[in-house]
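Trainee: Take the sequence shown: its position 375, counted from the start at 1, is 561 in our numbering, and no numbers get skipped.
Hints may contain errors.
Claimed, not checked - Ranges of calculated distance between the beta carbons of each label pair, as one might list FRET restraints:
| no. | residue 1 | residue 2 | range |
| --- | --- | --- | --- |
| 1 | R196 | G441 | 41 to 47 angstroms |
| 2 | L284 | A239 | 19 to 25 angstroms |
| 3 | V400 | R270 | 27 to 33 angstroms |
| 4 | W446 | E678 | 35 to 41 angstroms |
| 5 | W446 | F189 | 45 to 51 angstroms |
The set of hints was computed from the structure by calculation and includes no laboratory data. None of these values were measured; they are calculated from a predicted model. Beta carbons are placed, not taken as given, at the ideal position from N, Cα and C, and that holds for glycine.
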Amino acid sequence: MAFVMVTAARQQSQTADEGVYIAAAVVYLRHHELRYNPEHPPLAKLVMAAGLAFADARIDAGPDKNQYQAGTDVLYEHGNGAQRILWYARLPMIVLTLLFGLMVFAFARDITGSGGGLLALALYAFSPDVITYGSLAGVDLPAAGFVLAAAWLVWRMRRHPWAYLAPAGLVLGAAPATKMNTLVVVPVLLLLAAVSAWHAQPGLRRVPRLLTAVAAMMGVGAVAVATVWLTYLIVDPRLHWTAPPGVPVIHGTVGHLVDWLPFPPAYADGLRIQLGLEDQTWGGFLLGDTYSRHRWYYLPAALLIKTPLGMLALWLAGIVTMLTVRRLRPAALYVLLPTVVLLVAAMQGSRDWGVRYAIFVPVLLAVAAAAVTAVRWRWVQAVAVLLVAFVAVSSVRAFPYYLPYSNEAFGGPAKTYLRLGSSNVDWYQDLYRLALRLQERYPGERVWLVHRNRAMAGYYGIDAGDPLKVPPSEVSGLLAISVTQLSNPKPEIRELIARGVRIDQVGHSIFIYRVPPVS
C-alpha cells in the first residue's frame with residue numbers, strides 16, 4: 187500500500203481541491219491566519235503543513251487573492267515546483283493513511299482475533315478508493331480515519347473506560363476538526379462512550395453506574411470540544427477572525443444548532459458556508475445519464491461501481507455475521523451504526539461529485555468484514571481467503587491508476603467514464619502524465635487539448651491549442667480530451683471525434699485521438 191500510494195503521489199498532477207488546501211496550509215505556516223478555506227477546519231491542512239514546513243514554499247497571499255488563486259500561485263509561481271510542493275503536502279497524508287490501516291487491524295483483531303485483523307487490513311490496504319484519497323492532499327480520508335479511530339477507542343472503553351477516555355475524546359474531536367460532515371456521528375459515538383462505561387462496571391448499582399456512564403460521555407465530549415479549539419489555536423493563538431463576504435444565513439432549527447455549537451466563530455461560519463453549498467443545485471452524471479438535480483441513490487450506486495467485487499461480498503457477509511453471531515452483536519453498534527449514520531447523512535447532500543463523500547464506508551466496513559473469520563466452518567474461511575485474493579488481483583491490475591477504478595462488473599477502470607464523472611474518474615490528475623506521454627511518443631506533433639484544467643497545461647510543457655476557439659476544419663493532429671468532456675460533448679468536439687481515430691489513453695482519464703486534416 188505504501189508503495190502504490192507513493193507511486194500515485196509522485197505521478198499525479200494537482201487534483202481539483204489540493205491547491206486550495208495547500209495554499210491554506212502554507213498561509214497557516216507563514217501568516218498564522220485562518221482566512222483561506224474556512225469551510226473545512228484546519229486539522230488535515232495542519233498535517234499537510236508538517237510536510238510543507240520543509241518545502242520552503244513561497245506564496246503571494248494578498249487580500250486581493252481568493253483561495254483558488256492562492257492555490258494556483260503556490261503551486262505554479264515563484265519557482266516552487268508544482269510536483270515538488272504536492273509531494274511535500276501528500277507525504278504526511280500517506281503516513282497518516284498507513285497509521286489508520288494499523289488501527290483497522292487493531293480494531294478488527296480486538297473483535298475477532300488476529301485472523302480477522304489480517305483480513306480487515308488486507309481489504310483496507312487493497313481498497314482502490316482508500317489508496318486514491320490516501321495519496322492526495324485532501325480532507326476526506328483523514329476524516330474517515332479519525333471516525334474509525336474514535337470508534338475503536340470508544341470500543342476499548344468497554345474494558346478500561348478511564349484509560350481510554352482522553353484518547354477517545356482526542357480522536358473524536360479530530361474528526362470534526364478535519365471535516366464538518368462528521369459532526370453527525372459525534373452524538374452517536376458519545377452515546378457509545380456511555381454504553382462502554384456502563385458495560386465496564388457491572389458491579390455498580392444502577393444509579394452510580396448510570397452516573398459513571400454519563401460522566402464518561404461528558405468527559406469524552408469535553409476533550410473532543412477542546413481538540414477542535416486546539417486546532418484553531420495552533421493556527422492563530424489569538425483567534426482573529428473576520429467572516430468572509432457572502433456567508434449565508436441559516437434559518438430554522440439548523441441555524442440555531444450552528445449558533446449553539448461550542449466551537450470557534452470561524453468553525454460556525456465555515457459550517458454555514460457548507461450548508462449554503464448544500465442548498466444549491468448541482469449537476470451529476472451516473473450510469474451514462476447527465477442530470478441537474480441530486481439523486482439520493484448516487485453514493486450507493488457509486489460504491490457499487492467502484493468497490494472490488496470480492497470486497498462487496500465480504501462486506502455483506504461480515505455485516506450479516508456481525509448481526510447474527512451473538513458475541514459479535516455488541517461490536518455492530520461501534521462499527522455499523524456510525525457507518526449507517528454517516529452514509530444516510532451523506533446521501534442527503536446535494537453534491538453528486540464522487541465516492542469520496544462516502545470514503546468512510548471502505549474504512550469502517552473493512553472491520554465489519556473481519557467478522558466472517560468468526561465462522562468456524564472451513565469452507566467459509568477458504569472462500570474468505572479466495573475473495574481477499576480476488577480483491578488483491580483486481581487492485582493490483584489497476585496499478586498505478588487507482589482514481590478511475592471500477593470493478594470488473596462495470597468494465598474496469600477503462601470504462602468508468604461511461605458510468606461516473608468528476609472525482610470518480612477525472613479530477614485533473616493526469617496532466618503531468620499527459621505531458622510525459624506526448625514527449626515520449628509524439629514529440630513535435632501539433633496538439634489540441636480539451637480539459638477542465640487546460641490553463642495549467644503550459645506549466646507542464648504542453649503546447650496545445652484550444653479546438654473550441656477555431657472552426658473544426660482547422661483542427662488536425664493530436665486531440666487530447668479528458669473523459670468527462672465526453673459525457674455530453676459539444677457539437678464541435680463530437681465532430682472532431684467522429685473524424686478522428688483514438689490512438690492512446692493516459693491514466694484512463696485522457697483520450698488521445700489522431701484527427702486528419704480536412705481534404
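Trainee: Hint by hint, note whether the structure agrees.
Mentor: Comparing the hints with the structure gives:
At about 45 angstroms, the beta-carbon gap between R196 and G441 stays in the expected band of 41 to 47 angstroms. About 20 angstroms separates the C-beta atoms of L284 and A239, a value consistent with the hinted range of 19 to 25 angstroms. For V400 and R270, the hinted distance range of 27 to 33 angstroms is not satisfied, since their beta carbons lie about 51 angstroms from each other. Under the hint 35 to 41 angstroms, the C-beta atoms of W446 and E678, about 53 angstroms apart, miss the expected range.
W446 and F189 have their C-beta atoms about 47 angstroms apart, which keeps the hinted 45 to 51 angstroms range intact.
Violated hints for the displayed structure, listed by number in ascending order: 3 and 4.
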